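Chemist: Could you put together the complete structure from these sequences and hints?
Under our numbering, think of the first position of the sequence shown as 1, with each following residue one higher.
I should point out that these hints are in silico values taken from the structure, not numbers from a laboratory. All clues given are correct.
FRET-style restraints, in silico, Cβ to Cβ:
(1) Tyr96 x Leu6: 18 to 26 Å
(2) Val92 x Arg2: 25 to 33 Å
(3) Val100 x Ser5: 18 to 26 Å
(4) Gly28 x Ser65: 25 to 33 Å
These numbers were taken from a predicted model, which means no experiment stands behind them. Ideal Cβ positions, reconstructed from N, Cα and C, are used throughout, including at glycine.
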Amino acid sequence: DRARSLDPTGKSVLPFVADLTDEEAARGIVESVLQQTQRSDVLVNNAGMTQTGRPAEDMTVQNTSYADWQRQIAITLNTAFLMTPAVLPGMVARNYGRIVNVSSVPCPLGGHPGLAASRAANRPQVISPDRHRLSSHAGS
Numbered sequence: 001d002r003a004r005s006l007d008p009t010g011k012s013v014l015p016f017v018a019d020l021t022d023e024e025a026a027r028g029i030v031e032s033v034l035q036q037t038q039r040s041d042v043l044v045n046n047a048g049m050t051q052t053g054r055p056a057e058d059m060t061v062q063n064t065s066y067a068d069w070q071r072q073i074a075i076t077l078n079t080a081f082l083m084t085p086a087v088l089p090g091m092v093a094r095n096y097g098r099i100v101n102v103s104s105v106p107c108p109l110g111g112h113p114g115l116a117a118s119r120a121a122n123r124p125q126v127i128s129p130d131r132h133r134l135s136s137h138a139g140s
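Modeler: What follows is the structure, given as C-alpha cells:
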C-alpha cells in the first residue's frame, strides 16, 4: 500500500519487505533489490519505530525491560550495521555510492530510552565508499 501511495503507476517504486534485524534477511533484500535494479547507489539507514499501545509516561528507563532495550538497539543500530556491508561491495566496485545514516527527531524530545541511546550513537553520517571515508555531521 505504501509503494502504491508513493507511485500509483507502480513503475518508479518497488516494494520490498524484510526483517532487517535478521542478517540473512538484510542480505536477501539487497540481493532482491539488485536483481530488480542491477545496482544500488544510495542506502539510507533510517530504521526506527514508535511503540504503540504503551503510554508515553511508561517509556522511562525504570519501566523499560532489557528485552525492550535490545529490540530498540536491534532496530535502530543493528539494521544499519547489517545493511551497510550488504551494499558496499557493489559501491566499492563501481567506485561510487552513498550511505546515509539518519538520526531521529523524537530523541531530543524525550522518546524511548533505547531509541534515544541508539540514535545518539547513530548520529547523521554520510559514508562515501568511493573515498573510503566517513563524514559525520552533528545535528543542530
